[in-house]
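Here are the chains, one letter per residue:
Number of protein chains: 2
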Amino acid sequence: MRRKGLASMAVQTVASTPSSDPAARTGTVDLGPAAALSCRECGERTPLGPVFACEACFGPLEVAYDLPGGSEAAEALRKRIEAGPNNIWRYAPLLPVPADVAEKPNVNPGFTKLVKADRLAAELGVTGGLHVKDDSGNPTHSFKDRVVAIAVEAARAFGFTTLSCSSTGNLAGAVGAAAARAGLRSCVFIPHDLEAGKVVMAAVYGGDLVGIEGTYDDVNRFCSELIGDPIGEGWGFVNVNLRPYYAEGSKTLAYEICEQLGWRLPDNLVVPIASGSQLTKIDKGLRELISLGLVEDKPYKIFGAQAEGCSPVSKAFKDGHDVVRPVKPDTIAKSLAIGNPADGPYVLDIARRTGGAVEDVTDEQVVDAIKLLARTEGIFAETAGGVTVGVLRKLIESGRLDPAGETVVLNTGDGLKTLDAVAPTTGPSATIRPTLESFREAGLA
Amino acid sequence: MRRKGLASMAVQTVASTPSSDPAARTGTVDLGPAAALSCRECGERTPLGPVFACEACFGPLEVAYDLPGGSEAAEALRKRIEAGPNNIWRYAPLLPVPADVAEKPNVNPGFTKLVKADRLAAELGVTGGLHVKDDSGNPTHSFKDRVVAIAVEAARAFGFTTLSCSSTGNLAGAVGAAAARAGLRSCVFIPHDLEAGKVVMAAVYGGDLVGIEGTYDDVNRFCSELIGDPIGEGWGFVNVNLRPYYAEGSKTLAYEICEQLGWRLPDNLVVPIASGSQLTKIDKGLRELISLGLVEDKPYKIFGAQAEGCSPVSKAFKDGHDVVRPVKPDTIAKSLAIGNPADGPYVLDIARRTGGAVEDVTDEQVVDAIKLLARTEGIFAETAGGVTVGVLRKLIESGRLDPAGETVVLNTGDGLKTLDAVAPTTGPSATIRPTLESFREAGLA
Chain S
1 MRRKGLASMA
11 VQTVASTPSS
21 DPAARTGTVD
31 LGPAAALSCR
41 ECGERTPLGP
51 VFACEACFGP
61 LEVAYDLPGG
71 SEAAEALRKR
81 IEAGPNNIWR
91 YAPLLPVPAD
101 VAEKPNVNPG
111 FTKLVKADRL
121 AAELGVTGGL
131 HVKDDSGNPT
141 HSFKDRVVAI
151 AVEAARAFGF
161 TTLSCSSTGN
171 LAGAVGAAAA
181 RAGLRSCVFI
191 PHDLEAGKVV
201 MAAVYGGDLV
211 GIEGTYDDVN
221 RFCSELIGDP
231 IGEGWGFVNV
241 NLRPYYAEGS
251 KTLAYEICEQ
261 LGWRLPDNLV
271 VPIASGSQLT
281 KIDKGLRELI
291 SLGLVEDKPY
301 KIFGAQAEGC
311 SPVSKAFKDG
321 HDVVRPVKPD
331 TIAKSLAIGN
341 PADGPYVLDI
351 ARRTGGAVED
361 VTDEQVVDAI
371 KLLARTEGIF
381 AETAGGVTVG
391 VLRKLIESGR
401 LDPAGETVVL
411 NTGDGLKTLD
421 AVAPTTGPSA
431 TIRPTLESFR
441 EAGLA
Chain F
1 MRRKGLASMA
11 VQTVASTPSS
21 DPAARTGTVD
31 LGPAAALSCR
41 ECGERTPLGP
51 VFACEACFGP
61 LEVAYDLPGG
71 SEAAEALRKR
81 IEAGPNNIWR
91 YAPLLPVPAD
101 VAEKPNVNPG
111 FTKLVKADRL
121 AAELGVTGGL
131 HVKDDSGNPT
141 HSFKDRVVAI
151 AVEAARAFGF
161 TTLSCSSTGN
171 LAGAVGAAAA
181 RAGLRSCVFI
191 PHDLEAGKVV
201 MAAVYGGDLV
211 GIEGTYDDVN
221 RFCSELIGDP
231 IGEGWGFVNV
241 NLRPYYAEGS
251 KTLAYEICEQ
261 LGWRLPDNLV
271 VPIASGSQLT
281 KIDKGLRELI
291 SLGLVEDKPY
301 KIFGAQAEGC
311 SPVSKAFKDG
321 HDVVRPVKPD
331 TIAKSLAIGN
341 PADGPYVLDI
351 ARRTGGAVED
361 VTDEQVVDAI
371 KLLARTEGIF
381 AETAGGVTVG
391 VLRKLIESGR
401 LDPAGETVVL
411 NTGDGLKTLD
421 AVAPTTGPSA
431 TIRPTLESFR
441 EAGLA
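Protein sequence lines, in the order shown, are assigned to chains S and F. All residue numbers for the first sequence refer to the UniProt record's numbering, where the first residue is 1 and numbers rise by one. All residue numbers for the second sequence refer to the UniProt record's numbering, where the first residue is 1 and numbers rise by one.
One thing to keep in mind: the hints can contain errors.
[Stated by the list, open to error] Result set (SDA-like, lysine to any residue): computed pairs, CA atoms no more than 20 Å apart in a straight line:
hint, chain 1, residue 1, chain 2, residue 2
1, F, K116, S, A102
2, S, K79, F, K79
3, S, K104, F, K116
4, F, K104, S, G129
5, F, K104, S, K104
6, F, K116, S, G183
7, S, K79, F, P85
8, S, K104, F, P85
9, S, K116, F, D100
10, F, K104, S, G84
11, S, K116, F, K104
12, S, K104, F, R119
13, F, K79, S, G84
14, F, K104, F, G84
15, S, K284, S, R375
16, F, K284, F, W263
17, F, K104, S, K284
18, S, K104, F, Q260
19, S, K79, F, E82
20, S, K104, F, G128
21, F, K79, S, A83
22, S, K104, F, E82
23, S, K104, F, T127
24, F, K104, S, Q260
25, F, K116, S, K284
26, S, K104, F, D100
27, S, K79, F, N86
Rather than coming from a laboratory, the hints here were simulated on the basis of the structure.
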């Protein structure tokens with residue numbers, strides 16, 4: 001039933017298996033509680049290493065843990081977390097990182113604000129409490145800092161000296177910054193025709209930035225080739241051969257939300273969908289907290305949010321399909337514009353299992369939602385935040401999200417990065433001469 | 001000896017004294033430990049109210065406190081601070097804000113990262129420990145969120161319903177966001193010919209944004225007129241009639257630096273100079289911590305940093321003058337481009353008293369320093385951060401800052417806001433076809 005997603009993963013797998021794989025890279029790695037990689041499809045276990053697809057069935061690999069259990073352990077763990085640093089490393093016991101991770105130079109993302117959004121709640125009619133998890137507060141102002149920080153630790157563990165990725169924006173900046181802080185070389189690949197501002201953000205950290213003459217798909221294909229070539233020896237591609245570790249970074253969003261609510265699960269979460277990885281890892285994080293006894297086990301609903309111009313998962317959800325049919329993206333929400341989302345089928349499973357939904361909004365609704373969030377809460381969101389807030393509004397209006405439930409909506413990036421989205425409709429109320437008379441005439445007094 | 005600075009303050013004072021000043025606005029205000037306003041020149045005390053210049057001598061007013069003392073009180077205070085929220089409100093007992101400030105809706109700035117900058121230290125030859133206080137992590141990505149947050153509490157205390165300011169960028173965004181979160185109206189005045197990006201950042205929070213046909217000086221003059229007019233009744237101008245409170249927000253930088261160092265004073269601080277207010281308040285904050293017994297009393301040196309194209313304080317320092325001669329700014333460091341800095345004379349006093357200095361760097365050095373900081377630490381600074389890091393380098397190279405001392409350099413804003421500064425010299429290492437051969441030819445493998 002997931003042939004489509006798996007087939008596309010399989011192609012990458014073949015290309016990305018390292019041509020040589022020194023024992024040193026898989027033997028004695030210390031990634032804390034991470035015990036192995038396990039296949040999300042067939043459950044087959046693989047030793048920790050720079051691989052991302054199951055050798056048996058080509059299914060995606062994810063990190064499996066040896067985690068403590070029991071109520072006594074839960075109490076000790078909670079205390080340890082609360083005494084930890086104000087960043088994702090407070091959750092080191094639940095992440096694939098060594099115990100001393102906080103002492104190493106890294107950008108220390110996370111523990112971003114969970115904003116009690118009473119004014120937005122009033123506008124939307126949410127009565128059960130509304131919170132915005134605002135990841136624009138991360139070092140390079142998007143949630144990507146979380147996932148890259150974990151990938152850096154995996155890169156160190158496997159002896160990689162160059163950090164790399166394909167990107168169209170946020171990820172390039174996150175990788176550049178993280179590599180600079182960690183003292184790793186970085187080499188990031190982007191389509192050659194990116195907007196000038198994004199190129200600056202990607203290049204300023206001093207790593208190599210390579211423009212590829214072609215589309216983002218061409219960039220990805222090139223990266224897969226590079227991993228299979230001797231040139232790529234020693235290179236950690238955060239979103240390819242380090243992907244199982246990288247993806248775990250999104251669990252920290254779930255941990256933080258629950259801790260910031262006072263170790264409680266919210267009733268509803270509205271999460272953006274690009275590849276779908278973030279949403280699946282948030283679900284994984286919530287389930288871990290339940291099984292560890294850190295939060296009370298109770299139902300929660302996860303809602304996925306897409307832009308209409310790239311809504312393959314939303315369409316599959318509405319059509320009752322298990323298969324996600326790829327689309328060609330056409331939306332201002334470029335950080336979510338993945339037409340063939342690898343984790344789409346898992347997102348469908350989670351939305352259905354938890355009683356949530358997947359919905360999409362038009363670009364116009366995205367812009368309206370960005371402005372609504374800015375006007376009510378003083379949070380200037382990237383287009384992805386406009387997508388989630390817009391979808392939240394739509395879900396409430398159509399009665400599919402219970403406004404009496406406690407709700408968390410994610411803003412995963414910063415409006416400064418997508419100024420173009422709001423620029424055409426955002427400007428001065430008036431332009432006047434520097435006189436009181438002119439101000440009176442403007443009608444703003 | 002300070003006639004120049006005072007004369008320019010005096011002009012504003014006359015214009016900005018409210019035409020009517022209801023008793024309700026000065027009578028029963030609760031601003032926590034703030035006891036009165038006191039004149040920095042003659043010491044005359046004035047009740048707390050929306051005034052900023054001494055009626056006796058036109059000197060600038062600042063907040064005077066009733067603070068606890070004694071070693072027992074210090075221990076209790078330290079514990080209370082450490083148990084407080086991860087933002088400036090942990091220091092509420094030392095700020096002009098009500099005790100319940102953290103429960104009110106506000107953007108909760110501060111407690112930004114103090115980054116141990118070992119790689120930058122190695123490049124600069126700092127051996128005693130180097131830290132970057134990175135205020136780009138604030139809600140609107142500049143230190144202005146700190147000062148505006150305090151002004152919001154003063155505005156509430158004095159019954160103002162509109163929050164206002166004159167601005168060329170960072171402050172407009174900070175006021176817009178803070179007012180939105182607090183549920184206050186905002187009306188912000190800018191020169192009409194600001195860059196499009198800055199206009200969007202100022203306007204997106206939904207308050208009124210008014211373009212003024214004229215220069216920034218014209219905008220300021222207009223605001224002074226507005227405060228004296230009945231139209232301005234009920235308006236709190238954060239950087240004019242709320243300035244004594246607003247300015248106190250910068251003390252939190254000093255508190256955080258010392259707490260994050262483990263309740264210890266650094267040996268050297270490098271601080272940018274715009275009006276000079278921030279530097280004077282950091283000094284005030286450090287002296288408060290000493291007198292409260294929260295840090296050990298030991299010498300520290302404060303160094304001021306300007307861009308050569310707007311370096312009136314640096315020039316006065318080098319010339320051995322007490323008077324700061326105004327200049328017409330011409331620099332890419334626009335957030336520091338105040339040609340007639342009101343607190344310039346106080347900055348000179350502090351640099352001389354502490355054994356520091358005031359230095360300036362060229363625009364080219366600013367750009368180099370931005371890139372140096374990005375490349376070594378993964379921090380993308382606004383031009384103001386390029387100024388401080390550039391000045392730090394110059395001070396070390398000329399032997400005026402002891403590299404064996406523990407040093408803190410401030411980055412007060414985000415590089416995303418001043419992309420133009422680095423754009424002309426920041427781009428891809430190479431542009432290639434999507435083939436391994438083309439990549440090999442580029443010489444980056």
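Violating hint indices (sorted, rising): 5, 8, 10, 15, 17, 22, 25 and 26
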